[in-house]
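Number of protein chains: 2
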Amino acid sequence: MAKPAIILVRPQLGENIGQAARAMLNFGLEDLRLVAPRDGWPNRQAHPPASGAGRVLEGAKVYQTTEAAIADLTHVFAATVRGRGMDKPVVSAAEAGATIRNLTAGQAGILFGRESSGLANDDVVLADTILTVPVNPGFASLNIAVAVALVAYECFHEGREVTKTTTRTIADNGPGPAAKQDLIALFGHLEGELDRHGYFHPPERKPPMVRSLRNLLQSAGLSKQQISTLRGVIKALGRGMKK
Amino acid sequence: MAKPAIILVRPQLGENIGQAARAMLNFGLEDLRLVAPRDGWPNRQAHPPASGAGRVLEGAKVYQTTEAAIADLTHVFAATVRGRGMDKPVVSAAEAGATIRNLTAGQAGILFGRESSGLANDDVVLADTILTVPVNPGFASLNIAVAVALVAYECFHEGREVTKTTTRTIADNGPGPAAKQDLIALFGHLEGELDRHGYFHPPERKPPMVRSLRNLLQSAGLSKQQISTLRGVIKALGRGMKK
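First to last, the sequence lines map onto chains F and U. If you're matching positions, the first sequence starts at 569 in my numbering and goes up one per residue. If you're matching positions, the second sequence starts at 569 in my numbering and goes up one per residue.
Since the hints were made in silico from the structure, they are not lab data. One or more of the hints may lead you astray.
You can't tell identical chains apart in this list, so a pair holds if it fits in one copy or across any two.
[What the hints assert, rightly or not] Result set (DSSO-like, lysine-lysine): computed pairs, CA atoms no more than 27 angstroms apart in a straight line:
{"hint": "1", "residue 1": "K792", "residue 2": "K629"}
{"hint": "2", "residue 1": "K571", "residue 2": "K774"}
{"hint": "3", "residue 1": "K629", "residue 2": "K774"}
{"hint": "4", "residue 1": "K774", "residue 2": "K803"}
{"hint": "5", "residue 1": "K748", "residue 2": "K629"}
Let the hints inform the model, and build the full structure from the sequences given.
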């Protein structure tokens, strides 16, 4: 199965992107994805710190949205140092690494936030699982390349006696793991229908309502078949309303 | 017992020293020792990348020789990425971390070499044990701050043995686990609306369709709150259709 993708969401400094690329290649990862890098792409500043991992930078793909960057992935982790009070399973980097190494189908990806502020809640919502690195609570601010390195190390490192984690696996959901694009299309379909039906009111309540629905659907661990069933349900229920 | 010392032997760039200090403090380490830093000490370039770990830099001790830097230590590891053909035990970073965490007396230290060439054999000779980080053999050049971070992480990380169960439980989904009656009421609500919207056709397909929807909702592990959200969604979507 494919090695995990590393997705840097709105990274700021090219230098950090270069260091992250180097750390990826140290542990055999090459699928680098950038969501809306602040200084554009390509960025010359990324190359010196990549120090020999230039091919990871050259192969990097750029996306405007996190949704687009994860569209083809089947298992998405959000790397955070603090709990987000979200309704999602939380695993350590070691557990995530073990889960990813044991995947037999699909491709995982790990979202990392910008240097100054980490991942936005709207990005975390798109993940199946929150990945935390255990750090000194008195000084939790990890350099982004260090965070990428630790996670890549845990994905690579097979020497450790891996305590089998009980994370839900693809197999729980039957054949055909859903690519994130299917889930994202389901979000769009449901939210569009709900909009048409006046569900989101008052309008300022829409963002938290959307997040809570997305979290609910995300945490359900839907298979491709189940997503298709739900889209049929939404279509049927929406039918009474004129376009 | 004392936490391990991090000893940078003949480091070149102040910036790397700063990043290493930050990574140390992320994992609770503060005893930084510098052997003959190329650009002298203190070094202003170290401070910006230390990013809040200034006190580690300010407390750093400088030595002219590796021998002096390790004089008070009881267990010394030499961090290398390649075997040195030396007659010393070789352990992984994870094993070294476990050993260091389990020390009951004395203080351990870990030697890291200069950025361009790693540790000299004369430094490795001074160590009890060689510590290797498993890396991609095709691209083994680790940034020094990344190497320090990985080792500090392994020394810090005590949660590993504890398998945190990540199985979704009802409790994961917020307060108020759903009683089965709530779930059954959701089934009834959804199926009733779908009936009104002509979803179940041909009629003989209704039983398997209902089973598959119920399985999907059942396996989603919904909380009471989530069931209530879904009932709001069904109500909104059904609104267009006359009773």
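How the hints compare with the structure:
| no. | hint | verdict |
| --- | --- | --- |
| 1 | K792 <-> K629 | within (25 angstroms within a copy, 41 angstroms between copies) |
| 2 | K571 <-> K774 | neither (36 angstroms within a copy, 41 angstroms between copies) |
| 3 | K629 <-> K774 | neither (31 angstroms within a copy, 45 angstroms between copies) |
| 4 | K774 <-> K803 | both (21 angstroms within a copy, 17 angstroms between copies) |
| 5 | K748 <-> K629 | within (17 angstroms within a copy, 46 angstroms between copies) |
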